[in-house]
Structure formats: structure tokens, C-alpha cells
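Enquirer: These protein sequence lines map, in sequence, to chains P and D. Quick note: the first sequence uses full-length UniProt numbering, first residue 1, plus one each step. Quick note: the second sequence uses full-length UniProt numbering, first residue 1, plus one each step.
Since the hints were made in silico from the structure, they are not lab data. Check the hints yourself; a few may be wrong.
Claimed, not checked - Okay, the calculated beta carbon distance ranges per label pair:
#1 P:K333 to D:G95: 48 to 58 Å
#2 D:G31 to P:E364: 29 to 39 Å
#3 D:G79 to P:R319: 15 to 25 Å
#4 P:K353 to D:G79: 35 to 45 Å
#5 D:Q42 to P:K333: 52 to 62 Å
#6 P:W48 to D:E338: 52 to 62 Å
As the list claims (entries may be wrong) - Only pairs whose alpha carbons sit at most 27 Å apart, straight line, appear in this in silico DSSO-like list of lysine-lysine:
#7 P:K333 to P:K353
#8 P:K353 to D:K78
#9 P:K260 to D:K78
#10 P:K353 to D:K82
#11 P:K101 to P:K118
Here a beta-carbon is modelled for each residue, glycine too, at the ideal position from N, C-alpha and C.
In case you want the letters, here they are:
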Amino acid sequence: MESQLGLIEQSFNVRYSVWAREALDEFPDNFTITDPSISGHPIVFASWGFLKMSGYSKEEVIGKNGRIFQGPGTNRRSVMEIREAIRQERPIQINLLNYRKDGTPFWMLFHMRPVFSKEDGRVIHFVAVQVPILRKLRRLSGSGFGGRNGVNLCEDGSMLRETVFGSCRREVCSDSVVELGRVLALDSVLDSDNGELEVEEPCEANDSEKLRAATAINNILSVLTHYSESTGRSVCGKRGSLSGMGLLGSSLIISLGRIKQSFVLTDPHLPDMPIVYASDAFLKLTGYARDEVLGRNCRFLSGVDTDSSTLFQIKESIRMEQACTVRILNYRKDNNSFWNLLHISPVRNATGKIAYFVGVQIEEGCRNQDRQGLSPEMRQLSVVGAVKVAVRSLSMGASPSKS
Amino acid sequence: MTTFKQFEDERHLLKYSTPEQSKCTWLSFQGIKVPLYRFGSQSLTDVGPSGGLSCIPEEEQSILDSLLLAQWEERMWKGLFKYDVTTSEIKVIGGKRKFLAQLNKGWNMDCFPVPEENNVCHKGRPFVFNWMKDHEELLFCVAHGEKANPELIPAAAVPNGAILILINATPVEYGHVFLVPCGYSSLFKFLDARSLDMVTRIAVEINHCSFCLFYDCCTPSASHPYFQGCYFPNPLPVELLPVMTLFGDGQAGIRICQVTDYPIRALLFESNDNLKVLVEVVAEICSCLLGKNIPYNLLISDCGKKMFLFPQLQTLASSCTLSAWECGGYFLFKSGYEFDCATEEAMIKRLNAVSLDDEGFQAVNQLCCSIASKFTS
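Modelling step: build the complete structure from the supplied sequences, incorporating the hints.
Expert: Here is the structure:
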């Protein structure tokens, strides 16, 4: 335990100079910094605003995983989206129900971003800002708050907070049909007393809250960047090679996360068609780390003995927007080569346009991959199908019911 | 290309090896060998969410899901479809209901696989199948099994009582298949509990949140009952609506709700952990509706846990005028102009036109609740 706490202290102090804490304490915002490289992904820094909001003391929070703030009403799918974002080392902004120490729930906008090492592009920390979501009810007439519409809800009394929560709860109810209901076992939230579910103002963060979160996170990142320079271990908010890379939606990432075979998605609309998604199995097969492949063109898998006519064939089918299967000699990070039975296919989004190309790899001779009667070739095609279904999902845009 | 050769060869070899005659009178499976998925020996009650199978996205793809997607993608790769359905555009029709519209120029509701020698669509007799040369419309079949766990046999004769999973050349969405009960059920002209049980179980074991099943009951014209299924990547509008509980039985875990504020009056049947009773109740209700000459559509979503019932007005045409996905709020358009001009008002009107009136719907509600209490008491 002692050493774990030492690690946590070090995690922050090694990267940032002694003045960093002071500078961070200047911010009124609620935020935490976590270290994914320590087991349990613990909180290594919590702002005073966060402690005040959550009702915990600093000692109770440091070293704990963020999940201690979740409770029975926390949307499991949202938690999963956050987990996936961490796994994929991506930013995420999502509405989340958390719980204070005294057990009272509150809605907040959770905005998290990875902090990278400038040196090697590894993720050093995650910064997560929590902006409380507070809403006035549209129908306050019967509830006795009619005259208090002008009250600043940020400095709320507990009664108002309850009302706010009440409206959010309803949102959970109707939202549960959308997302929760598809994901979780049916809960009894839709009881008959909720039969006349009026659609209240959705308890989603509005633009000003989103802006607040984004501004806060940028301020924090610039402080971290600034105070990391003197330690010689600089950090930055963007992974150098990945700047400008399009971000995949979190629900797409969840769907892709179910597919356990080796595959990558490449984006033909970005210069040099970089990899924008790599599955865990791909990293295992090739021996590279995720940050070593994201943002790069697939050609790093080729080597001296790779047949250039095969590469040409791939290039041609991509140009013709057609699927192809080739047998190509690829190289792992340790320079060992393997025969890759590669299938490449265009993948279209809801508008019918090509959004990505998927490349599914099978290592030749690795026949023990047969899974209960499905041959590797069939599993390869099932990956293509699953990716096509996932990518075709329409982002509902203005719809308030999707996060 | 070479990667599929082995698979192909296997099929060709096996095709003529064991002439095992299936009992389906309207289809001949002599000598055909296809992949066969056998359910585990547990019943639906045991495989319900509490029994281990559930729709949790962090899980791996199920075997049945992989099999369906792989077979479908393989047919697509071979060019068996008239068009690549993923090139068709989907959009949300403006308005608060968020109806979905798809522009699909090649789609033809009545056109089933066209026989090569006889270029006629069999309107109204959809299941007179005229097989493509290599019976490639038949992706695989699903049957009960004796082993504890589900198993996939790469090539087997079609057993009696199986559900055939077929494609046609004009899909509605990715993974669009027809699920046709064959064997014992071929004696029945209409949906029976056994078929509903099997297709529900397919939805459960596919375990993919986007996979929906559809059934259109077109009374009284007799045709072989069949379901359709496909992956609708977005939830259908009807799935997003608030509901009002009409019947809830905590013990049996089934619940009947009325979908509130939707242009076609609809009921939702759901079960947390007892799909078997859910299936029995819905099958019984469907057979009663049929007895009363009330046409209806069924939409099964959420990995088999939710069934939407859309009773329709009996029209002169004596057949369903809307398909189950239309009832769910998903509309197909063959022309770009219609697609661009689609309005929420027009869609509401379309749904409204076939909706039961309050009185008729009340009667259906009462029927449903009384059947449900019979099964759950």
C-alpha cells in the first residue's frame, strides 16, 4: 500500500514541477487526473472543486479509481464508452450520473482527454473535467418553485437539486428505451406511475456547459504542459503524429470493440490513408503498440521481401473501391515475417459513401483459430460484416436522445 | 479469391454425397448440404438473460452472429445481390418523431429470387422458391440440438423442423434474410408458437443489438409463414417511445405496454427473464387476432426481449398494407424525389390510415391481457 501511494505521488511529481499543484488549485473547476500506467488506473490529483462537489476528502479520493463515484443509476453503457475511450486513448465527452459521498446522485458532463508524453507519444495521464448539469424544469408551476426561476442554480439548495434530479431521472427513463434498454437487462424504471412520461427538457449538457468543459480542460492542459517543461519530461495534449486525425464516435468504438479478430480501419479521406482504429488482436499479431500504428499508413507492415505486385493489387482495388483478398508477406515489429491472408473492403456510412476501408488479417498456418466450426476465412468475412453494420449507424445529429 | 476455394470445394463435394430427403413439400433439399447451427439443449427459459445469454456489448460476437454476417458478406462478395445495399442513403426525416428514411432504388417488395428459366416474380406466392444454380440463397439453417451447448456443423443436410435462413437479391438493409420454418410447420399456414419460439431464440443467440426480426401477417390469403430479419444500425423510432404498462406480472416477468403517442396504435410485450412465456403469450394472441381477421405485424428487437405488435385495420385488399419496419418508423423510397420530399406528416398519415380506432384497440388490449393472465397464473 505504501509503495502504491508512493507511485501515485511520483506519477504527478515526476512529470510536473512543484508549482503545478498551486497553479491547478487556481482553477475553480471540478477535475481529476488519473494515471493509466498504475494498476487500477488511480486518481493522482483531484481539484478542490471536485472534492467539494463529491463530498469526499482528498485522502479518500487519491489512489481510487473513478468508478467509486458511480452508482446504481449510472448508465452502464456510458461507463463502457468511457472505458473504451481509455483503452483507445481518445478524448470523450459524455453525460454521466455520479454519486456524492452521501449517496445523492448528480448529473454532470464528463469530459476526458489523454495527456501524452512529448517524447514518445505514450499516454501519461488522463484529465477528466466534470461540469454539473443543472436544468430548470419547464413545468414548475405545481412544484412551488415558480417564483424562483431567477435563482442561480449553480449555488443551489438541496431542494432545487432534487428537482433537478427529478427531471434528469425522467430523461433516464426515456433514454433507457434508447440505449440502456438495448444494452442492459430491462429495469423496472418504466413503471406505470411514469406512464404519462412528459418529455421534459432533456438532461443533456447544453452548449455553454460543453464549452465550459472544453475551456477548463484546455486551461488544465496548458498548465500541465507548461509545468512539465522544467522537468525535462514534457507532456502535450495531442499525440504529435495524430494531430488532425478524425475521431471515431464512441458508440462506433464500442461496436468495434466486440470484434476480437485482427483488423484495422483506415481513413481514405485523410492524407496517406492512415490507420484510425486497430484491434487488440492486430497489435498482438504485429507486436506494435497502439500509438505506434494509429495515424500511420499500413505500409509499415511490408518489408524487403514483400511482393510489390501484391501491393499494387491492393492499391488498385482501393482505387477502384472494391474488396480484395491477397496473400502478402508482412513483418512484425521484431522484424519476423509472416504470410498474411489479408482481406480489404470498403465500408460505407449511413449516407452510402465510403467512410473507411477495413483490413482483416489472418496469419497463414495459424489454423488453430477455428472457433467452433467457423473457419478463419468465414470469421474474416464476419468481421467485415460486423464493421459494415457498425459504421452504417447513423449519428443522430441533433437528436437529444443519443449521446 | 483463393481463400474461399476450399470452402467452395467442400460444398460442391458434399452436395451430392448423401441424398437425404427433407419433408418440406414446397422445397426440395435433395442432396443439399449447408451449414447447420444447432441450439443447445436448454430451452428458451434457460437461455434467457438471467440464464447467461444477454445483450451486453462488451461481449464477443456470438457464433450465430458471425455465421450470419459471414455468409451474407460472402454472398455479397460473390455478387448475388442486385446492389450493394450499403450504398443506399439513410436519413432522419425532420420532425420530433425522427422517422428514418432509406433511399433504395433497387428494392422490390414483391420480387423474390427470380428463376433463371422463368423470369416471373411470384406475386402473392412468395415462397415458391426457384433456386439459383448452387442453392446459394440458402445461407444456412438452424435447428434444435441435443448437446448442451450450441454447435455449428459446417455442412449438413437440412433436418426436419429447421428454420431456413435465405437471402433474396434485393435486400432492405445489411444482413437482410428470410427466416422460413420448414418441416412440421409447413403444415401450418400461419404463425405458430414453435416457429415463434425458434426465431426468437435466433434473435437471442445472435445477441446483436441491431438485429431485428419482422413478421407480417397477411390475412386471410394463405401463404407459408416466414419472418424477415436484418441489422438496422439505429434503433427504430417506435423503440424510443415512452410506454404505459397495461399488464405486469412480476412473477412470470412479462409485461404488456401500450406505446404512447404513436400514429399507429401499438403494444409492446417484453420479458426480462422468461422468453418462453412471452413467446407463448404472443403466439396465442396472434392466433386469436387471426381468428378475428385482424391483420397485424410483429417487430422483435433488443435481442428477442421486446416484441412490438401492430394490429391493423382490415382493409379491402385483405392484406397488410404496411410492413413491420414501416410500422416501426422505417420507410423505404425507390425514387430520389420521394426520398427528398418525405415529410413527417405524410408518414404519420400513412401509419394513421391503418391504425385501429380506440374501440378496436381497447378490445385487442383486453384480449392480450386476458391471454397473458391465463398463461402466467
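Enquirer: Hint by hint, which ones does this structure get wrong, listed from lowest number up?
Expert: Checked against the structure, the hints that fail are numbers 4, 5, 7 and 11, while the rest are satisfied.
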